[in-house]
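Engineer: Sequence:
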Amino acid sequence: MGFAFSNELHLRSSAFEDGGAIPTRYTGEGEDVSPALSWTNAPEGTKSFAVVCHDPDAPLISPNGTYGFVHWVLYNIPGDITSLDEGTSDFTQGKNNFGKLGFNGPMPPEGHGEHRYYFWVLALDANLHLPDGMTLWELLAKLERHTLAMNRLVGTYQRG
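Read in order, the letters of the sequence shown are residues 1 to 160 in this note's numbering.
Quick caveat, the hints were computed from the structure, so don't treat them as lab data. In this text the structure is predicted, and so the values were computed from the model without any measurement. One thing to keep in mind: the hints can contain errors.
Within a straight-line C-alpha distance of at most 30 Å, the following computed DSSO-like cross-link-like pairs (lysine-lysine) qualify [claimed, not checked]:
(1) 142 x 100
(2) 100 x 47
(3) 95 x 142
(4) 95 x 47
(5) 142 x 47
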């Protein structure tokens, strides 16, 4: 199937508007908890979801050609779930670029300016029962042929 961007699937947060500033509470300078997220209009046949947060503005390019900084990898979310609570530890946590499982929020290098943080939700046609600790790139390799739709919510943050 490949990755299919969808205008039907909508991702929102009660913490910030699309294109708006992410409150300090959800960053490395604050309480460092994940924001609450919710989504609507998943396509028919959705069996599970995955959620990721990626900063494409981070000055990090890996030897394998990936770029940016991964802040969150969450998957094995059942298809009947349509929201995540703030600070959730539910479902399967992958490894972020801090080398930890779970969410670690925005913390751009000092003096680096404003960064964009892309929160993605992916609707999948299967329950894959993937193991914990997968990186974003390992996860995407497993999800590509199962992705029915995906959409994003973008927040910004500049270190104080």
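Engineer: All hints, please: hold or fail.
Structural biologist: Hint by hint, here is what the structure shows:
no. : hint      : result
1   : 142 x 100 : holds, 20 Å
2   : 100 x 47  : holds, 27 Å
3   : 95 x 142  : holds, 15 Å
4   : 95 x 47   : holds, 23 Å
5   : 142 x 47  : holds, 15 Å
The structure agrees with every numbered hint stated previously.
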